[in-house]
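Asker: In the order they appear, the protein sequences are chains A and B.
Just so we're aligned, residue 1 is where the first sequence starts under my numbering, counting upward by one.
Just so we're aligned, residue 1 is where the second sequence starts under my numbering, counting upward by one.
A hint or two may mislead.
Simulated restraints, written as ranges between beta carbons of each label pair [unchecked claim]:
1) A:ALA40 with B:LEU156: 26 to 34 Å
2) A:THR140 with B:GLN36: 17 to 25 Å
3) B:LEU156 with A:GLU292: 33 to 41 Å
4) A:LYS636 with B:ASN157: 47 to 55 Å
5) A:GLN510 with B:GLN36: 13 to 21 Å
6) B:LEU14 with A:LYS117: 47 to 55 Å
7) B:GLN36 with A:LYS400: 23 to 31 Å
8) A:ARG535 with B:THR68: 29 to 37 Å
9) A:ALA651 with B:SER144: 31 to 39 Å
10) B:PHE77 with A:THR140: 54 to 62 Å
11) A:GLN35 with B:SER144: 43 to 51 Å
12) B:LEU96 with A:GLN510: 39 to 47 Å
13) B:GLN163 with A:GLU468: 37 to 45 Å
14) A:LYS400 with B:LEU156: 49 to 57 Å
In silico lysine-lysine, DSBU-like type, Cα no more than 30 Å apart, as pairs [as the list claims (entries may be wrong)]:
15) A:LYS484 with A:LYS386
16) B:LYS71 with A:LYS512
17) A:LYS529 with B:LYS72
18) A:LYS43 with A:LYS190
19) A:LYS518 with B:LYS51
20) A:LYS117 with A:LYS529
21) B:LYS154 with A:LYS512
22) B:LYS72 with A:LYS43
23) A:LYS512 with B:LYS51
24) A:LYS532 with B:LYS72
25) A:LYS529 with B:LYS188
26) A:LYS509 with B:LYS154
For the chain B half of the interface with chain A, some residues (derived, Cβ under 8 Å), not all of them [to be verified]:
27) ASP55
28) ILE57
29) GLY59
30) TYR63
31) PRO137
32) ILE138
FYI, nobody ran anything at the bench for these hints, they're computed from the structure.
Built from N, CA and C at the ideal position, the CB exists for glycine as well.
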Amino acid sequence: MNKLLLMLGAVALIASLQSCKMKSADSAVAGDAAQKVYVAPGKYDEYYNFVSGGFSGQVTVYGLPSGRLLKVIPVFSVFPENGYGYSEETKAMLNTTNGPIPWDDQHHLELSQTNGKQDGRWLFANANNTPRVARIDLNTFKTTEILQIPNSAGNHSSPFATENTEYVVAGTRFSVPLGDADVPISSFKKNFKSTASFISVDKNTGHMNIAFQIVLPGMNLDLSHAGKGPSHDWFFFSCYNTEQAYTLLEVNASQKDKDFIVAVNWKKAEEYAKAGKGHKMAATYAHNTFDESTQKASTVIEKEVLVLDPKDCPDMVYMIPCPKSPHGADVDPTGEYIVGSGKLAALIPVFSFSKIMKAIQDKQFEGDFYGIPVIKYEAALHGEVKKPGLGPLHTEFDNKGNAYTSMFLSSEVVKWRLSDLEVLDRVPTYYSVGHLMVPGGDTRDPSGKYLVAYNKITKDRYLPTGPELCQSAQLYDISGDKMKLLLDFPTIGEPHYGQACLASLIKDKQVKFYDIAKNKNEFVSMGEKQTKVVRTGNRVDVYMTAIRSHLVPDNIEGVNVGDEVYFHVTNLEQDWDVPHGFAVKNSTAADLLIMPGETLTMKVDANKQGIYPFYCTDFCSALHQEMSGYMRVSPKGANVPLKYGTGVVAADAATK
Amino acid sequence: MKKITNAGKASVILVILFLATLWVFPMWRIDLRAPQYPGGLSMKIWINDVKGDVDIINGLNHYIGMNTIHKKDFPEFVFLPDTIMIFMGLGLVVLLLNKKVGYYIWTLLFAFIGIFSFYDFYKWEYNYGHNLDPAAPIKVPGMSYQPPLFGYKKLLNFEVLSQPDIAGWFYIGAGVILVGITIYEWRKSIAK
Chain A
1 MNKLLLMLGA VALIASLQSC KMKSADSAVA GDAAQKVYVA PGKYDEYYNF VSGGFSGQVT
61 VYGLPSGRLL KVIPVFSVFP ENGYGYSEET KAMLNTTNGP IPWDDQHHLE LSQTNGKQDG
121 RWLFANANNT PRVARIDLNT FKTTEILQIP NSAGNHSSPF ATENTEYVVA GTRFSVPLGD
181 ADVPISSFKK NFKSTASFIS VDKNTGHMNI AFQIVLPGMN LDLSHAGKGP SHDWFFFSCY
241 NTEQAYTLLE VNASQKDKDF IVAVNWKKAE EYAKAGKGHK MAATYAHNTF DESTQKASTV
301 IEKEVLVLDP KDCPDMVYMI PCPKSPHGAD VDPTGEYIVG SGKLAALIPV FSFSKIMKAI
361 QDKQFEGDFY GIPVIKYEAA LHGEVKKPGL GPLHTEFDNK GNAYTSMFLS SEVVKWRLSD
421 LEVLDRVPTY YSVGHLMVPG GDTRDPSGKY LVAYNKITKD RYLPTGPELC QSAQLYDISG
481 DKMKLLLDFP TIGEPHYGQA CLASLIKDKQ VKFYDIAKNK NEFVSMGEKQ TKVVRTGNRV
541 DVYMTAIRSH LVPDNIEGVN VGDEVYFHVT NLEQDWDVPH GFAVKNSTAA DLLIMPGETL
601 TMKVDANKQG IYPFYCTDFC SALHQEMSGY MRVSPKGANV PLKYGTGVVA ADAATK
Chain B
1 MKKITNAGKA SVILVILFLA TLWVFPMWRI DLRAPQYPGG LSMKIWINDV KGDVDIINGL
61 NHYIGMNTIH KKDFPEFVFL PDTIMIFMGL GLVVLLLNKK VGYYIWTLLF AFIGIFSFYD
121 FYKWEYNYGH NLDPAAPIKV PGMSYQPPLF GYKKLLNFEV LSQPDIAGWF YIGAGVILVG
181 ITIYEWRKSI AK
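From just these sequences and the hints, can you work out the full model?
Answerer: Pasting the structure below:
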């Protein structure tokens with residue numbers, strides 16, 4: 001009996017023991033964090049935060065410090081919500097030399113700059129999969145231009161800009177043969193090239209053009225940044241796979257201890273281009289622009305590109321060895337320090353621009369890479385940040401001489417000092433942080449208040465939503481000596497990189513509605529009296545207006561099966577925040593969301609007889625539910641006359 | 001007949017200048033506010049025009065069947081400027097004749113124009129608020145939408161505030177001067 005009791009007691013004791021546990025990753029959020037991110041209802045955020053949408057293809061806009069989602073800007077993917085890519089006016093924005101493409105992978109963003117500071121005019125966005133660069137107008141938050149990049153693939157080191165937005169760059173991540181030549185993949189070393197494209201940006205209109213492409217040996221160009229101040233004339237691209245592997249890159253592109261930072265003197269390149277040192281090469285690429293006055297996008301297929309070969313252009317390109325498979329080259333606000341973040345390296349090399357210049361002057365080269373001089377590592381080096389963490393990926397800066405580097409593998413942000421490369425602080429991120437963003441942190445004028453980490457993995461951070469989980473952003477207070485986590489918020493798609501600017505820079509210049517008097521859309525209806533339905537062969541054009549709370553015409557008859565019906569809907573409102581939506585039953589196009597003063601067109605194929613209701617899809621007024629109408633589609637060859645109107649009620653005798 | 005005092009003469013010039021502001025600033029404003037119009041809407045009545053958010057107000061009022069406001073529907077915008085212009089011209093005549101009685105008549109004329117204008121304004125507001133389209137989508141039994149002549153009123157979801165604008169205050173100022181100086185001139189004439 002005693003023995004039994006003893007045994008039972010022992011079992012109970014063992015059962016009550018807690019198994020040993022790993023330290024949990026619960027974050028320690030400081031007591032006043034909630035206060036710091038609380039933006040009271042009706043109050044504005046301090047910053048606009050533009051965040052890349054990754055595989056969503058779009059750009060999202062959040063307010064900081066609240067993390068509230070303000071808008072999704074459609075850029076590279078169709079957006080049924082407002083008809084982007086579906087309406088006749090916007091279809092051309094997604095045109096490429098391979099026809100319209102409904103999607104892309106949007107990685108990085110850059111706000112336009114003047115004198116190295118954000119000027120709040122445009123936001124540039126890259127498409128990684130089908131190389132393109134987009135320009136978004138910050139008066140309207142609309143994508144107004146998309147330029148395809150020829151001779152490139154994997155447009156990753158893009159769209160970083162020079163200090164006066166003279167150029168926005170696009171660099172090749174997946175080297176390809178120029179001119180789409182048909183060559184064996186195994187001839188990589190011989191035939192594959194990476195190109196660094198410099199896109200000039202018109203300082204008044206923002207209009208983009210590929211000024212020149214610098215042809216570099218086959219390798220993977222990665223993130224880049226323009227010089228600043230003393231290094232204004234230079235652009236620094238990181239690169240990996242200088243092993244020139246074309247299969248199992250995971251192993252074969254990770255063999256060398258050092259890859260390079262490619263330093264390009266773009267001023268010199270500009271001179272060479274002007275002096276005729278380049279050659280014009282046939283290349284086709286789509287150039288899509290959205291015309292504000294006609295409110296319509298159109299595509300021009302460009303036919304050639306100016307190519308510069310470093311062999312013909314001495315003193316234009318140099319290589320600086322950088323450990324190991326660097327993901328980026330980040331330039332500090334003074335323009336003196338260039339930080340290479342080798343994602344497989346155990347340290348962070350910091351290069352000195354003045355030392356690089358001296359090394360070039362003294363010809364301190366350790367050899368060349370396909371004819372491009374390679375500067376001696378030590379000659380270019382300011383110093384190394386020792387043991388910063390694992391997987392340094394990206395560095396941004398504050399206004400107090402500090403740098404912040406994300407550590408992908410160890411999931412943390414490390415703060416260190418540029419002058420003596422001392423590590424000052426580290427905070428965990430949740431989890432696997434990619435890029436960081438300090439408002440203005442890649443300009444001459446960073447803010448010292450906030451830092452946002454963009455994370456790839458969220459596992460236990462939010463309520464689970466099946467196998468696919470959101471990615472996230474985390475806001476840190478960096479105003480003090482120690483970084484403090486303030487807030488987590490989920491993002492749309494994958495937030496690769498972001499930009500943020502003070503709200504005051506752009507909030508007061510927002511377009512509230514379009515002046516109807518300036519609407520030059522060829523299918524505009526300037527008032528209800530101008531509405532009509534016109535048949536041309538089997539094409540039927542419906543000139544329609546929308547104003548609270550009716551559509552004119554709202555009864556349409558005389559459409560036959562086989563007709564192509566174009567609804568050109570003009571929103572006659574002239575007040576802020578009064579869009580009208582438009583949808584037709586069974587239409588295979590997406591709905592239209594028409595801003596006041598705007599005209600948008602939906603094409604509807606009448607392929608089945610019936611009565612098709614259409615209606616306003618954006619709750620516009622107390623009589624929104626009544627804002628609807630009918631289209632009658634009669635059998636092919638039916639002799640129903642074209643008839644349309646609003647408010648016409650048939651006499652009883654005629655209604656049968 | 002007795003002559004106008006120096007103060008009286010100066011007041012004629014001042015009144016003319018005050019009235020001239022009617023061509024520079026609006027004379028009346030009606031402000032509206034509703035939850036969905038946080039910035040408010042404002043209609044500014046000038047001597048010869050109606051400006052501000054008139055189009056938006058017109059758009060809103062169609063729900064309750066109110067008439068739309070159009071500049072061309074107001075004969076006042078023609079005869080009111082003409083009247084004031086003539087009145088200002090008469091001021092110069094008063095100055096030239098330099099007779100107290102001229103000043104008194106001028107003041108009476110002003111009072112008449114002022115009272116008539118307010119009566120006219122009230123009449124318009126009454127019609128505007130009561131003449132409703134019988135086919136209007138929203139009908140509130142017993143409700144009319146006459147804006148206040150002066151001051152605050154709540155009309156359905158809108159709060160309405162009606163008050164003089166800059167030139168209106170100058171106009172009122174002109175009236176105060178005219179009445180004040182008339183009394184002053186009268187007293188002087190009795191004292192002598």
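Asker: Take the hints in turn and mark each one as holding or not.
Answerer: Verification of the supplied hints:
1. A:ALA40 with B:LEU156: 26 to 34 Å: Between A:ALA40 and B:LEU156, where Cβ atoms are some 29 Å apart, the hint holds.
2. A:THR140 with B:GLN36: 17 to 25 Å: 22 Å, holds
3. B:LEU156 with A:GLU292: 33 to 41 Å: 38 Å, holds
4. A:LYS636 with B:ASN157: 47 to 55 Å: Check passed, 50 Å falls within 47 to 55 Å.
5. A:GLN510 with B:GLN36: 13 to 21 Å: This hint holds: roughly 18 Å between Cβ atoms.
6. B:LEU14 with A:LYS117: 47 to 55 Å: Check passed, 53 Å falls within 47 to 55 Å.
7. B:GLN36 with A:LYS400: 23 to 31 Å: 45 Å, violated
8. A:ARG535 with B:THR68: 29 to 37 Å: Holds, at about 34 Å.
9. A:ALA651 with B:SER144: 31 to 39 Å: 34 Å, holds
10. B:PHE77 with A:THR140: 54 to 62 Å: At roughly 37 Å between Cβ atoms, A:THR140 and B:PHE77 fall outside 54 to 62 Å, so the hint is violated.
11. A:GLN35 with B:SER144: 43 to 51 Å: 50 Å, holds
12. B:LEU96 with A:GLN510: 39 to 47 Å: At roughly 57 Å between Cβ atoms, A:GLN510 and B:LEU96 fall outside 39 to 47 Å, so the hint is violated.
13. B:GLN163 with A:GLU468: 37 to 45 Å: 59 Å, violated
14. A:LYS400 with B:LEU156: 49 to 57 Å: 56 Å, holds
15. A:LYS484 with A:LYS386: 23 Å, holds
16. B:LYS71 with A:LYS512: Holds, at roughly 25 Å.
17. A:LYS529 with B:LYS72: 20 Å, holds
18. A:LYS43 with A:LYS190: 59 Å, violated
19. A:LYS518 with B:LYS51: The hint holds at about 20 Å.
20. A:LYS117 with A:LYS529: Given that 30 Å is the threshold and the Cα spacing comes to 49 Å, the pair is violated.
21. B:LYS154 with A:LYS512: Holds, because 28 Å separates the two Cα atoms, which is no more than 30 Å.
22. B:LYS72 with A:LYS43: Distance of about 42 Å is beyond 30 Å: violated.
23. A:LYS512 with B:LYS51: The hint holds at about 19 Å.
24. A:LYS532 with B:LYS72: It holds: about 28 Å lies between the C-alpha atoms, which stays within 30 Å.
25. A:LYS529 with B:LYS188: 67 Å, violated
26. A:LYS509 with B:LYS154: 33 Å, violated
27. ASP55: 6 Å, holds
28. ILE57: 10 Å, violated
29. GLY59: Given a least distance of 6 Å, the restraint on B:GLY59 holds.
30. TYR63: At 6 Å from the nearest chain A Cβ, B:TYR63 passes the 8 Å test, so the hint holds.
31. PRO137: 6 Å, holds
32. ILE138: Hint holds; B:ILE138 Cβ to chain A Cβ min 7 Å, cut 8 Å.
This entry does not satisfy hints 7, 10, 12, 13, 18, 20, 22, 25, 26 and 28, going by the numbered hints stated previously.
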